[in-house]
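Following the hints, complete the assembly by docking chain R onto the known chain V.
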Amino acid sequence: MASAFEYAPAPESRAVVDIAPSYGLFIDGEFAEAADGKVFKTLSPSSEEVLSEVARAGAADVDRAVKAARKAFEKWSALPGSERAKYLFRIARIIQERSRELAVLETLDNGKPIKETRDADLPLVAAHFFYYAGWADKLDHAGYGANPRPLGVAGQVIPWNFPLLMLAWKIAPALATGNTVVLKPAETTPLSALFFADICRQAGLPKGVVNILTGYGDAGEALVTHPDVNKVAFTGSTAVGKAIARSVAGTDKKVTLELGGKGANIVFDDAPIDQAVEGIVTGIFFNQGQVCCAGSRLLIQESVQDEVLDALKRRLSTLRLGDPLDKNTDIGAINSAEQLARITSLVETGEAEGAERWSAPCELPSSGYWFAPTLFTNVTQAHTVARDEIFGPVLSVLSFRTPDEAVAKANNSQYGLSAGIWTEKGSRILAVANKLRAGVVWANTFNKFDPTSPFGGYKESGYGREGGRHGLEAYLDVR
Amino acid sequence: MPTTAPAFSDATASDSALRRFLFGLPGVDAVGLEARAAALGTRSIKTTAKAYAIDLAISMIDLTTLEGADTPGKVRALAAKAVNPDPTDRTAPRTAAVCVYPDMAATAAAALAGSGVKVASVATAFPAGRAALDVKLADVRDAVAAGADEIDMVIDRGAFLSGRFLKVYEEILAVKAECGPARLKVIFETGELSTYDNIRRASWIGMLAGADFIKTSTGKVAVNATPANTLLMLEAVRDFRAQTGVQIGVKPAGGIRTTKDAVKFLVLVNETAGEDWLDPHWFRFGASSLLNDLLMQRQKLSTGRYSGPDYVTVD
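So the protein sequences, as listed, match chains V and R.
Counting from 1, position 213 in the first sequence corresponds to residue 213 in the working numbering; the numbering is continuous, with no gaps.
Counting from 1, position 252 in the second sequence corresponds to residue 1252 in the working numbering; the numbering is continuous, with no gaps.
In short, the hints are calculated from the structure, not lab data.
The beta carbon of each residue, even a glycine, is placed where N, CA and C say it ideally should be.
One should not assume that every hint holds.
Unchecked claim - Label pairs and their calculated CB-CB ranges:
id : chain 1 : residue 1 : chain 2 : residue 2 : range
1  : R       : Lys1220   : V       : Asp404    : 50 to 58 Å
2  : V       : Glu49     : R       : Gly1024   : 47 to 55 Å
3  : R       : Gly1308   : V       : Ala142    : 58 to 66 Å
4  : R       : Arg1090   : V       : Pro361    : 37 to 45 Å
5  : V       : Glu351    : R       : Phe1023   : 15 to 23 Å
6  : R       : Ala1039   : V       : Asp306    : 24 to 32 Å
7  : R       : Gly1308   : V       : Arg100    : 30 to 38 Å
8  : V       : Asp140    : R       : Tyr1306   : 57 to 65 Å
9  : R       : Lys1220   : V       : Glu49     : 23 to 31 Å
10 : V       : Asp306    : R       : Ser1014   : 22 to 30 Å
11 : V       : Ala243    : R       : Thr1195   : 48 to 56 Å
12 : R       : Phe1023   : V       : Gly145    : 47 to 55 Å
So that you can see chain V by itself, here it is in the shape it has in the complex (with noise of 0.2 Å):
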């Protein structure tokens, strides 16, 4: 018994997911050709291969969508919430019965492993059409006054980590209010929208009430500024989202944006260390580290600060990295070349300022996008990595010797999306979350989604909120 326990692969088949050659954009329950005809090409991060062409939206595209939303809006909005629910419902139902052609999708055009969309993406992607379809014939019972009213047409942008979920957070809650929406998938991760768009159909779902525009930022930004777009919903970087908090200031629009963060993960003396780690590595390197509430800063009292780390080092050793359709692979590609240039010139500047690199000896495939599990330690509050955030699989660690000095140290930032605590002392859990400054904290775990809870940003991190039942405020006329 010499030889170590190699697990041989174990790949899901892509045969379950049938990717046409190219793809239109969804605009009043049709398929169409860009107006221009223009396309682009959306390709698999792991591997560079080109999966398919999908049509590139303009100006007139979005004209077009807008008005077919606007036209399905009188209808959309004046049936019963009952009835809205059983289309929600019939769509969350779809949507688990594909879920397995969806993860496998979902991998191909994200990089993200297999495990990762199986077992967190669709889980959560259907749950939060449940949960929002659950709530449009409550919507009298919501908080905010008897017969809430929608606002009208919702023009949603979301990023490339959770293009799905960001879908399901973005379209659940419009369509369960009343709102008829025309979204834009980012334009690396176009395909799984496209799907979406098939599912609406399958489900019967009135012309109009969604529709998707692939494109790139031109078209976001045609979308944001359409004059008869009442809703903008943005989930993307902290220097978009103040350029289109820019361009809708002075109108009518209702502005939800869900932006950067750099989230502090502070581990006290007394955490169990064991499970600390986990939570580390959750917060940092699930979805490699291309999450916006990431734990990317962490926090460890002085006093364990080696025995973590030591343990840390030791548990990166263990992540298994490369096919992200390999059910056993924990660390899957970068998500665009674009990407991971910016990830390691990040790297090169916390090199260069002075900080202490170590990355997970794993060995990176030689094609598609890879960066390796990496953490930074001589960590300061100056140093770029411990300010910028910078999306990928990198760590900065800093440390602290009070519990004052933790709360300082992590509200030290132009960003509040999320933070953890990890003690096994309860009333430290609650002294700490109540003095920071962030939309979420979480106590001895991270990036634990639910759609009952409502996720978003304090600063720089962006404003208003995502899921539970304050989600349905940024889609109704609450004035």
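Only chain R this time, still in chain V's reference frame:
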């Protein structure tokens, strides 16, 4: 008399020192521990990895019979099976040991002589452990004299649960001294310890007292080995070796019946304690019905077809 690992000699100076030491160990978050164990349970082990895991698991089995109705004939049959698990395929590895009550140790030793398969014996008033220390020590002495290579002792759960940790520690020390050349496996009966924090503390008491193996359970209570309590004990031996350089084995026992389960435990070993423990000297399965399922899966891998329970022996 063996003594505590030097790094921790202060910890066992008194009852209160030991208590302070045990309560200073990092806590265990039950939700997180179980989530980690479940996540490792989703590893997909196929083809060559599965073949490797099956043979490794067979070689780690303590083939066990612990019934009041045990007879010398049954023990001899079990010994024959341990040496040659699959009469249709002589390439199947032998098991690690045969585990019997002390009064059967001599029979087992005679049947296994020269085979390389160890004789393990559950001494110390197994399974409840409710006897005077003298009686327990005599039990151990008998088993060793009868040829036991390994002694599986139960801890005094009554003393542990009432907080008399030093008593538990001293009893293990005394039994260890009685073992002579035999290796000592200390059984905590995790199902009776009730919390994961207790399991971690018990693990440390066992390791401090010189256990060669720490073992989950007797197989005689409702909750025996689980992925979570085994993961926790693997963390304990991993931490202990990091701090003392001393490697200690782990033995989950009871309730592991299928190949699928056994492979999940091997994944836990591989990704928690590491490769060094993937060896019958450092990891064991306390099981009896597991072997036949492993053999059937092994036949399936080599022939491409399922055979059935009539193609493995019933001993």
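Taking the hints in turn, this is what the structure says about them:
1. Checking the proposed 50 to 58 Å range against R:Lys1220 and V:Asp404 shows it holds: the Cβ atoms sit about 52 Å from each other.
2. Distance hint check for V:Glu49 and R:Gly1024: the Cβ-Cβ separation is about 54 Å, which falls inside the suggested range of 47 to 55 Å.
3. Between R:Gly1308 and V:Ala142 the Cβ separation comes to about 59 Å, which falls inside the hinted range of 58 to 66 Å.
4. Taking the beta carbon of each, R:Arg1090 and V:Pro361 are about 40 Å apart, inside 37 to 45 Å as hinted.
5. The beta-carbon spacing between V:Glu351 and R:Phe1023, approximately 42 Å, falls outside the hinted interval of 15 to 23 Å.
6. For the pair R:Ala1039 and V:Asp306, the supplied restraint of 24 to 32 Å holds, since their beta-carbon distance comes to about 26 Å.
7. Our hint of 30 to 38 Å for R:Gly1308 and V:Arg100 holds, since their Cβ atoms are close to 31 Å apart.
8. For the pair V:Asp140 and R:Tyr1306, the beta carbons lie near 59 Å from each other, so the given range of 57 to 65 Å is met.
9. Range check, R:Lys1220 to V:Glu49: about 56 Å between beta-carbon atoms, so the 23 to 31 Å window is missed.
10. For V:Asp306 and R:Ser1014, the Cβ-Cβ distance of about 29 Å falls inside the hinted range of 22 to 30 Å, so the restraint holds.
11. Range check, V:Ala243 to R:Thr1195: about 53 Å between beta-carbon atoms, so the 48 to 56 Å window is met.
12. Checked against the hint of 47 to 55 Å, the pair R:Phe1023 and V:Gly145 passes, with Cβ atoms roughly 54 Å apart.
The structure fails hints 5 and 9 (numbered hints given earlier, in ascending order).
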